[in-house]
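Student: So you can see what is in the structure, the chains are spelled out below.
Protein chains: 2
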Amino acid sequence: MDSSWDRQRGSELSAFIYSLFTLNYSLFLMAHRINFALSFLLLIVTVAFPLNGLAQKATFPESKTLQGPQNPRLGFVIHGGAGVIKKGSLTPAQEKEYRDKLAEAVLAGYKVLQEGQSGLDAVEIAIRILEDSPLFNAGKGAVFTHEGKNELDSSIMDGKTLAAGAVAGLRHVKNPITLARAVMEKSPHVMMIGDGAEKFAVEQKIELVDEKYFWTQPRWDSLQKVLKEEKEKSEGKKVSVNSASAEPSNRFGTVGAVALDKYGNLAAGTSTGGMTNKKYGRVGDAPIIGAGTYANNNTCAVSATGWGEFFIRLGVARDISALIEYRAMAIQQAADLVIKQKLQNLGGDGGIIAVDKFGNIGISFNSEGMYRAYINSDGKPVVEIYKD
Amino acid sequence: MDSSWDRQRGSELSAFIYSLFTLNYSLFLMAHRINFALSFLLLIVTVAFPLNGLAQKATFPESKTLQGPQNPRLGFVIHGGAGVIKKGSLTPAQEKEYRDKLAEAVLAGYKVLQEGQSGLDAVEIAIRILEDSPLFNAGKGAVFTHEGKNELDSSIMDGKTLAAGAVAGLRHVKNPITLARAVMEKSPHVMMIGDGAEKFAVEQKIELVDEKYFWTQPRWDSLQKVLKEEKEKSEGKKVSVNSASAEPSNRFGTVGAVALDKYGNLAAGTSTGGMTNKKYGRVGDAPIIGAGTYANNNTCAVSATGWGEFFIRLGVARDISALIEYRAMAIQQAADLVIKQKLQNLGGDGGIIAVDKFGNIGISFNSEGMYRAYINSDGKPVVEIYKD
Chain A
6 MDSSWDRQRG SELSAFIYSL FTLNYSLFLM AHRINFALSF LLLIVTVAFP LNGLAQKATF
66 PESKTLQGPQ NPRLGFVIHG GAGVIKKGSL TPAQEKEYRD KLAEAVLAGY KVLQEGQSGL
126 DAVEIAIRIL EDSPLFNAGK GAVFTHEGKN ELDSSIMDGK TLAAGAVAGL RHVKNPITLA
186 RAVMEKSPHV MMIGDGAEKF AVEQKIELVD EKYFWTQPRW DSLQKVLKEE KEKSEGKKVS
246 VNSASAEPSN RFGTVGAVAL DKYGNLAAGT STGGMTNKKY GRVGDAPIIG AGTYANNNTC
306 AVSATGWGEF FIRLGVARDI SALIEYRAMA IQQAADLVIK QKLQNLGGDG GIIAVDKFGN
366 IGISFNSEGM YRAYINSDGK PVVEIYKD
Chain X
6 MDSSWDRQRG SELSAFIYSL FTLNYSLFLM AHRINFALSF LLLIVTVAFP LNGLAQKATF
66 PESKTLQGPQ NPRLGFVIHG GAGVIKKGSL TPAQEKEYRD KLAEAVLAGY KVLQEGQSGL
126 DAVEIAIRIL EDSPLFNAGK GAVFTHEGKN ELDSSIMDGK TLAAGAVAGL RHVKNPITLA
186 RAVMEKSPHV MMIGDGAEKF AVEQKIELVD EKYFWTQPRW DSLQKVLKEE KEKSEGKKVS
246 VNSASAEPSN RFGTVGAVAL DKYGNLAAGT STGGMTNKKY GRVGDAPIIG AGTYANNNTC
306 AVSATGWGEF FIRLGVARDI SALIEYRAMA IQQAADLVIK QKLQNLGGDG GIIAVDKFGN
366 IGISFNSEGM YRAYINSDGK PVVEIYKD
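Just so you know, the sequences run in chain order A and X.
Going by this note's numbering, the first sequence opens with residue 6, and the numbers climb by one from there.
Going by this note's numbering, the second sequence opens with residue 6, and the numbers climb by one from there.
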């Protein structure tokens, strides 16, 4: 027995065993690290995408979170309605008219935000400009009912207090958004309708106008066209109450605004003339808090436009807020989930504008176009009409 | 050199090395398993308790998930309004009247569910019974407006399709819930108000009655009392539009029902006469889809009663549905979070009844009492009025 060989052999073996140990130990450590990394990834994945949400949370290829304006504490977006607005359907002169009016309104609202006024002020001021323009289906320019009347609806909400005001079935109020604000601020109520709401308007010295004020040639022509089509369709078969609502162009033009002011308060407002040829005192989503309008300082402010019945059934504005509150979704993602999936799946069309508590802007619509404007990171107004 | 020793020594070493391998391998496997188990636990924990939910998920010591009825596929709950209903404030005879009528209504609705009719049928039938009773503030028994009129609001929703119908400002419709259902099923609209809604009622051959039908002595006396108080309060100071709404007893009595039928479809409905001495065409939460009424087969059916303005601002019914949809909350927990925390914190009062897609019942209110009834696990009606 050669002990030196034995020692040598022994130390070679020891080294071998030692190397096996370290190899195994590093494998063990590596496995541990991989497992740790996987656990961490799993944590991220499960927090960001709860399992029961996978079905509804497909990818949003078009998602883009627009940045808030120059001052990150301010956010301002307006819309002038969603609908079938294909490129080329407006003459250059018409398009310029829309763009100029949207720019005027978004700048007017943003200006008061910069001056330190409230989000509610900005929302009201911008919406009044759109209501006073015959281009949009709100205030002057409202569409006609089946009976050839104009019935106006509006609502506003204060994200700080969750106070809200809504009015429906108005016929003489020049600026429904201002009456909605008065209901919110000067009454214990949230919603007033019809003659009662106008009686309140009188008491609050809100400007009333003769019904003739709302008459505009293009809207009158639209009604006559729809009535003619309805008559033709009904010849030989029963009149369908669907005829008016089935035509997308009869639903567009609602206006709205959302704001984040320097105090961190969110506000949202919406105003509409409803639907051409509407009957039976039909009310859409514009005056329904949670459907057409919602604001909550903990989440976001939303104003909607589109086929109102679907927005009511889904509670669109409230649902976007809930996705932010309960799922910690980004505003654009929440807006796209509700508009491009839920609304789309239910068969509705339209869109929303939104701003969250950080000033991030969300815009989403599943219609051909949506008149919209916001203030970009340079403090300049951006006006958009079509899909891209 | 003894080769046999060497072989022996070699094989001992081989065995030792082998044992080290297996030991390390088992350690590795064990570590892997522990890590896997931890990852799995982490998955469970993060799915069940999303991190951003911890803050709002305090315990609900009073939580109790009532079991659904005998047939686990059926669920039926009704309410006759929430308000200041202290023990002893009703005479035994009065209390018996309420209990008998609630039992009649809950059994009538449950019977049609057992017979295989839809949840919508059960909701409509039960609410019609409560509307026809002068005990509740809906249909006959509606409270009076400031002008001494009755203005009725109602809504209904189908959880299967999210179809909904709502009516407000009715003065001649005997059963507003039936008109709400007609709006849902026979028109493309969700909401109709005032004269227009009644015109639709005529076309749909819905029963109309003279305004006198709604006149009842106790409600008339309530109005006179409130008007007298208002006059006294206003002497020497400005009339407050708050006076009527500040008195809780003027807000209670709304009726509602929620059902899960044998087909797994949820339905909810609500009907009200509004608020004593209400002015300006005020509308509460009863006809607001998402506030007073909501149904969605994926979550639950809810009907609310209470201070309507707060229910609109919070979007109470829609919020309970959202907590189930996005937070996987149990129905009773979701109901308590919205009523006992959110509503309470905002200063509102009232309550809700709900049933989820499994037939679990949720009942929550922060008022002194709520007239309510449901079918217990023996298929028997349970009628409750007070807190306990």
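Heads up, some of the hints might be wrong.
Chain copies aren't distinguished; within one or between two, either way the pair holds.
Derived lysine-lysine pairs resembling PhoX-like cross-links, with alpha carbons at most 25 Å apart [stated by the list, open to error]: (1) K165 <-> K345; (2) K179 <-> K284; (3) K204 <-> K236; (4) K362 <-> K347; (5) K191 <-> K233; (6) K267 <-> K238; (7) K101 <-> K392; (8) K345 <-> K217; (9) K233 <-> K362; (10) K204 <-> K238; (11) K154 <-> K204; (12) K204 <-> K284; (13) K238 <-> K154; (14) K233 <-> K217; (15) K238 <-> K191; (16) K204 <-> K230; (17) K154 <-> K217; (18) K191 <-> K236; (19) K236 <-> K210; (20) K233 <-> K204; (21) K347 <-> K238; (22) K204 <-> K116; (23) K191 <-> K91; (24) K191 <-> K92; (25) K191 <-> K179; (26) K284 <-> K210.
Simulated from the structure, these hints should not be mistaken for lab results.
Student: Now tell me if each hint is right for this structure.
Tutor: Evaluation of the provided hints:
In the homo-oligomer, the alpha carbons of K165 and K345 lie at most 25 Å apart only across protomers (20 Å), although the nearest pairing inside one protomer, at 29 Å, exceeds that limit. Taking CA atoms no more than 25 Å apart as the test, K179 paired with K284 passes in both settings, with 22 Å inside one copy and 21 Å between copies. When the C-alpha separation of K204 and K236 is checked against a cutoff of 25 Å, the pair qualifies only between copies, where the shortest distance is 20 Å, while the shortest distance within a copy is 37 Å. In the homo-oligomer, the alpha carbons of K362 and K347 lie at most 25 Å apart both inside one protomer (24 Å) and across protomers (20 Å), since each shortest distance falls under that limit.
In this assembly of identical chains, K191 and K233 lie within 25 Å of each other by CA distance solely across copies; the values are 23 Å between and 44 Å within a copy. When the C-alpha separation of K267 and K238 is checked against a cutoff of 25 Å, the pair qualifies neither within a copy, at 54 Å, nor between copies, at 40 Å. For the homomeric pair K101 and K392, the shortest alpha-carbon distance inside one copy (17 Å) is at most 25 Å, but the shortest distance between copies (63 Å) is not. Taking the shortest alpha-carbon separations for K345 and K217, neither the intra-copy value of 39 Å nor the inter-copy value of 49 Å comes in at or below 25 Å.
With identical chains, the CA atoms of K233 and K362 are never at most 25 Å apart, being 48 Å at best within one copy and 46 Å at best between copies. In this assembly of identical chains, the alpha carbons of K204 and K238 lie at most 25 Å apart only when taken from different copies (22 Å versus 40 Å within one copy). Taking CA atoms no more than 25 Å apart as the test, K154 paired with K204 passes in both settings, with 19 Å inside one copy and 16 Å between copies. For the identical chains of this complex, K204 and K284 are neighbours both inside a copy (23 Å) and across copies (9 Å), given an alpha-carbon limit of 25 Å.
In this assembly of identical chains, the alpha carbons of K238 and K154 lie at most 25 Å apart only when taken from the same copy (23 Å versus 41 Å across copies). In this assembly of identical chains, the alpha carbons of K233 and K217 lie at most 25 Å apart only when taken from the same copy (23 Å versus 41 Å across copies). In this homomeric assembly, K238 and K191 come within 25 Å of each other (Cα to Cα) only across copies, at 19 Å, whereas the closest approach inside a single copy is 47 Å. Taking identical chains as interchangeable, the C-alpha atoms of K204 and K230 lie at most 25 Å apart only when they sit on different chains, with a minimum of 24 Å there against 34 Å within one chain.
Taking the shortest Cα distances, K154 and K217 sit within 25 Å of each other inside one copy (9 Å), while across copies they are farther apart (31 Å). For a Cα distance limit of 25 Å, the shortest separation of K191 from K236 across copies, 20 Å, qualifies, whereas the shortest one inside one copy, 45 Å, does not. Only between protomers do K236 and K210 lie at most 25 Å apart by alpha-carbon distance; the minimum there is 23 Å, versus 42 Å within a single protomer. Only between protomers do K233 and K204 lie at most 25 Å apart by alpha-carbon distance; the minimum there is 22 Å, versus 36 Å within a single protomer.
For the homomeric pair K347 and K238, neither the shortest alpha-carbon distance inside one copy (31 Å) nor that between copies (50 Å) is at most 25 Å. In this homomeric assembly, K204 and K116 never come within 25 Å of each other (Cα to Cα): the closest approach is 33 Å inside a single copy and 46 Å across copies. Within a single copy, K191 and K91 get their C-alpha atoms no closer than 42 Å, and across copies no closer than 33 Å, so neither meets the 25 Å cut-off. For the homomeric pair K191 and K92, neither the shortest alpha-carbon distance inside one copy (44 Å) nor that between copies (36 Å) is at most 25 Å.
Proximity of K191 and K179 under a CA criterion of 25 Å is satisfied intra-copy only: 18 Å inside one chain copy versus 33 Å between copies. Proximity of K284 to K210 under the C-alpha cut-off of 25 Å is restricted to the inter-copy arrangement: shortest distance 17 Å between copies versus 29 Å within a copy.
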